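Trainee: Below are the chains, spelled out letter by letter.
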Amino acid sequence: MPPLLSIRDLRTWFPIRRGLLARTVGYVRAVDGISLDVAERETLGLVGESGCGKTTLARTVLRLDPARSGEVFFEGRDLLRLSGRDLNCARRRLQIVFQDPFASLNPRLTVMDLLTEGLLHHGLIRRRQKAEAAAALLNDVGLSPDALHRYPHEFSGGQRQRLSVARALSLRPRLVICDEAVSALDVSVQAQVLNLLLELRERHGLAYLFISHDLSVVRHLSHRVAVMYLGRIVELGRASDVIERPRHPYTRALVSAIPRVGCDGRSRIVLQGDVPSPANPPPGCVFHPRCPCAVPRCSQTTPPLEPLADEPDSGRLVACLRAAEI
Amino acid sequence: MTLLRIDDLTVTFQGDEGLVTAVERVSLDIAPGEALGLVGESGCGKTVTALSILCLVPRPPGRIVSGRIWFHGRDLLSLPLAELRAIRGRAISMIFQEPMTALSPLQRIGRQLAETLLLHRPLSRSEARRCAMDWLRRVGIPDPPAAMQSYPFQLSGGMRQRVMIAMALMLDPELLIADEPTTALDVTIQAQIFDLIRARRRSDTALLLITHDLGVVWEMCSRVAVMYAGEIVETAPAADLFRQPLHPYTAALLASLPALVPPGARLRPIPGQVPSPLAYPAGCRFRERCPLAFERCAEHPPLRQAAQRLARCWLVNEDPETTP
Numbered sequence: 231m232p233p234l235l236s237i238r239d240l241r242t243w244f245p246i247r248r249g250l251l252a253r254t255v256g257y258v259r260a261v262d263g264i265s266l267d268v269a270e271r272e273t274l275g276l277v278g279e280s281g282c283g284k285t286t287l288a289r290t291v292l293r294l295d296p297a298r299s300g301e302v303f304f305e306g307r308d309l310l311r312l313s314g315r316d317l318n319c320a321r322r323r324l325q326i327v328f329q330d331p332f333a334s335l336n337p338r339l340t341v342m343d344l345l346t347e348g349l350l351h352h353g354l355i356r357r358r359q360k361a362e363a364a365a366a367l368l369n370d371v372g373l374s375p376d377a378l379h380r381y382p383h384e385f386s387g388g389q390r391q392r393l394s395v396a397r398a399l400s401l402r403p404r405l406v407i408c409d410e411a412v413s414a415l416d417v418s419v420q421a422q423v424l425n426l427l428l429e430l431r432e433r434h435g436l437a438y439l440f441i442s443h444d445l446s447v448v449r450h451l452s453h454r455v456a457v458m459y460l461g462r463i464v465e466l467g468r469a470s471d472v473i474e475r476p477r478h479p480y481t482r483a484l485v486s487a488i489p490r491v492g493c494d495g496r497s498r499i500v501l502q503g504d505v506p507s508p509a510n511p512p513p514g515c516v517f518h519p520r521c522p523c524a525v526p527r528c529s530q531t532t533p534p535l536e537p538l539a540d541e542p543d544s545g546r547l548v549a550c551l552r553a554a555e556i
Numbered sequence: 041m042t043l044l045r046i047d048d049l050t051v052t053f054q055g056d057e058g059l060v061t062a063v064e065r066v067s068l069d070i071a072p073g074e075a076l077g078l079v080g081e082s083g084c085g086k087t088v089t090a091l092s093i094l095c096l097v098p099r100p101p102g103r104i105v106s107g108r109i110w111f112h113g114r115d116l117l118s119l120p121l122a123e124l125r126a127i128r129g130r131a132i133s134m135i136f137q138e139p140m141t142a143l144s145p146l147q148r149i150g151r152q153l154a155e156t157l158l159l160h161r162p163l164s165r166s167e168a169r170r171c172a173m174d175w176l177r178r179v180g181i182p183d184p185p186a187a188m189q190s191y192p193f194q195l196s197g198g199m200r201q202r203v204m205i206a207m208a209l210m211l212d213p214e215l216l217i218a219d220e221p222t223t224a225l226d227v228t229i230q231a232q233i234f235d236l237i238r239a240r241r242r243s244d245t246a247l248l249l250i251t252h253d254l255g256v257v258w259e260m261c262s263r264v265a266v267m268y269a270g271e272i273v274e275t276a277p278a279a280d281l282f283r284q285p286l287h288p289y290t291a292a293l294l295a296s297l298p299a300l301v302p303p304g305a306r307l308r309p310i311p312g313q314v315p316s317p318l319a320y321p322a323g324c325r326f327r328e329r330c331p332l333a334f335e336r337c338a339e340h341p342p343l344r345q346a347a348q349r350l351a352r353c354w355l356v357n358e359d360p361e362t363t364p
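Protein sequence lines, in the order shown, are assigned to chains X and P. Each residue of the first sequence is one higher than the last, beginning at 231 in the working numbering. Each residue of the second sequence is one higher than the last, beginning at 41 in the working numbering.
It is worth saying that the hints were derived from the structure and are not from the lab. One thing to keep in mind: the hints can contain errors.
Just so you have them, the derived chain X footprint on chain P, three or more residues with Cβ under 8 Å [stated by the list, open to error]:
1. 64-77
2. 291-297
A partial selection of chain X residues facing chain P, derived with a Cβ cut-off under 8 Å [said to hold, decoys possible]:
3. L310
4. L312
5. R468
6. A483
Note that the structure is a prediction, hence the values are computed from the model and not measured. The beta-carbon is built from N, C-alpha and C at its ideal position, and this holds for glycine as well.
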C-alpha cells in the first residue's frame with residue numbers, strides 16, 4: 231500500500247534580502263532535502279530543537295510556506311502542483327493543530343462558528359445543521375455542548391486545545407499535523423490532551439505527523455520517529471529504536487540531555503556550542519562542529535541517510551559516516 | 041541552620057476582575073548550600089514567591105499582605121531600599137527565565153557585568169572588566185573579548201543565559217534564585233546550563249530553583265516544595281518525594297508524566313482544572329480534583345508533619361511511628 235503522505239527531497243529556502251534593491255544575498259535553508267513517509271493510521275514523530283525546521287516542514291506540506299523544490303504526495307497527488315479547487319479539496323483531508331491555542335482560534339467567533347467554518351466552506355453541511363454538527367464535534371473531544379455559544383477566551387488552555395483538535399477533525403481528515411500541540415500546556419492538562427489524541431486516533435483511524443521538541447511526549451504517541459537537525463533528517467526509525475537505542479550522535483546527545491525522574495545525569499553527553507545558523511550551514515555533515523565523534527572526513531562528505539549495516543531490516547536510517555563504528 | 045526563612049507570606053494582586061491571591065501563607069526555609077526546588081504548574085504562585093524574596097513584586101498592583109522574609113536576622117520586606125540594594129545581586133542574586141528581558145538591550149555585555157561588580161566591590165574599572173572577562177570565560181563563552189563588546193541581541197539565548205549566570209555568580213552570592221532558567225532554551229542547551237550551574241556554584245551557595253519540570257528537580261535539587269493554587273502543599277527531601285509522594289496532588293502530577301508509563305498507554309491526567317485564584321474554594325483547594333477526597337476536606341487542612349516532610353492533607357498521619 232502506498233504511504234498516505236510521501237515527502238520527496240523537499241527544500242524550503244527563505245531568501246535573505248539586503249540593501250535598497252532588496253537583492254537576494256543568500257538563503258536560510260530551513261528545510262534542506264527531506265524525504266519522509268507517513269502511512270495510513272501511522273503516527274510519525276518529528277523531533278528536533280528550535281530552529282531545526284520542523285515547523286517549516288509542516289507549513290510547506292500544507293502549502294503555507296513555498297517549497298523551493300521537491301514533491302509532497304498526499305493520497306497519491308503532488309500537493310505542490312495542485313491549485314484552486316484541487317488544492318482546496320486535498321487540504322480537507324490534511325489538517326493541522328497549532329501550538330498556541332490562544333493565537334490559533336479566532337476570538338470573534340463563537341465555538342459553533344469556529345467548528346463549522348470549514349464544513350460550510352466545503353459545502354458539507356447547511357447553515358441550519360451548524361448546531362448539530364458542532365455539538366457532535368464537541369462531544370468527540372470531550373467538551374460539553376454548553377460550549378456552543380461561548381467564545382474562545384472563556385476556555386482554559388487545555389479546553390482551547392480540545393477546540394483546535396475538534397476544528398481539525400471537523401472535515402474528517404486522514405492526516406492531522408500536530409505542531410507542538412501540547413507544548414504550551416501544563417503536564418496534568420497535557421496528559422488530558424495526549425489521551426484525547428490517542429483515543430481519536432483509534433476511533434477515526436487517523437494518521438498524525440506529530441511535531442514536538444519533547445521526546446517523552448513523542449515516544450508516548452509515535453510509532454516511528456524522525457530526528458531533525460539544521461534542516462535535515464539525521465535519524466529515522468521505530469520509536470523504540472530511535473529513543474531507546476539511538477545511533478546518530480546527535481540523537482544520543484538529545485536523548486541523554488533530558489532530565490528524567492529516576493535517571494541520573496552522569497552519563498549525559500553535553501554538547502559544546504550552539505546550533506549553527508541555517509543561513510550558513512557547515513560543510514559536510516551539518517552536525518560535525520558539535521559532534522563528539524567527528525573525524526576530519528565529517529567536514530568534507532555529506533553523509534547520506536541510509537540503513538545500518540548491522541540492522542538492515544529494522545527500517546532505521548541514519549545519516550552518519552561513522553554510524554557503524556560508534 | 042537556616043539561611044533564608046520565608047514566614048507566612050501572603051501576596052495579592054489587584055486585577056481587572058478582582059483581587060487575586062497569588063501566594064497565601066507560604067513558609068519556607070533554605071539552608072546554606074542547599075538546593076531547594078519549588079515546583080508547580082503555571083499560576084501556582086512559585087514565581088511570585090521568588091520575586092518577593094528580593095522585593096521585586098511590582099507594587100501596585102501587587103501587595104504583600106503579610107509575612108516576613110528573614111535573612112541574617114533582618115526582614116527583607118521591611119528593609120530600606122538602600123540596604124536592600126546592597127543585598128540584591130550580591131548576597132542574593134537571581135536568574136530569570138528570559139535573559140533578553142533581564143539584560144539591558146542598550147549596553148554592551150562587558151559594561152553591564154563591570155557595572156554590577158563596581159556597584160558592590162571596591163575595584164577599579166579595569167579590574168572590574170578583567171574580572172568580568174574572566175567570568176565570561178568560566179561560564180563557557182567561546183570568545184570573551186568579543187562577547188564583552190556585544191549587545192545582548194547579538195548573542196544566542198543560551199549565550200545570554202550564560203551571561204546572566206556569570207552576573208549572578210560573580211559576586212559569590214549566598215543564595216542563587218533561578219526562575220525557570222532553561223524553559224526558553226532547547227534541551228541540549230539546558231544540559232549545558234545546568235552543568236554550568238552545578239560546576240560554578242560554590243558549595244556554600246544555596247540554590248532556589250523554580251521550575252515546572254519534575255525531571256529537572258530530580259536532577260538538581262536535594263529538597264522540594266510543591267505549590268498548588270497559591271499554597272505549599274508538600275515539602276520533602278527530593279528522593280522521598282519521588283519515591284512516595286504524600287500529597288495526592290504530587291502523586292497525580294507524577295502519574296501524569298508520559299515518561300513514567302509504557303508508550304501508547306493511557307496517561308492518568310488530573311481531572312478538572314486548577315480553581316480560579318479569584319475565588320479559591322473553602323477547604324482543601326485540591327479537593328474537587330482529588331481521588332481521595334472525603335468529608336473532612338471541606339475543612340482547610342494545615343501543613344501536617346510526618347518525619348522530615350510536610351503535607352497539606354488530612355490523610356497524612358502526623359506521627360509516622362503509628363502508621364500501620
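Trainee: If a hint holds in the structure, say so; if it doesn't, say that too.
Mentor: Evaluated hints:
Requiring three or more residues with a Cβ within less than 8 Å of a Cβ of chain X, the coverage given for the stretch 64-77 of chain P is violated, as only 0 such residues are present. Coverage of a stretch by a chain is defined here by at least three residues with a beta carbon nearer than 8 Å to that chain's beta carbons; for the stretch 291-297 of chain P and chain X the count is 5, and the condition holds. Evaluation of the L310/X hint against chain P yields a violated restraint, the C-beta minimum of about 30 Å exceeding 8 Å. The beta carbon of L312/X is not positioned within 8 Å of any beta carbon in chain P (closest approach about 34 Å), and the interface hint is therefore violated.
At a threshold of 8 Å, the smallest CB-CB gap from R468/X to chain P is about 11 Å, leaving the interface hint violated. Evaluation of the A483/X hint against chain P yields a held restraint, the C-beta minimum of about 6 Å falling below 8 Å.
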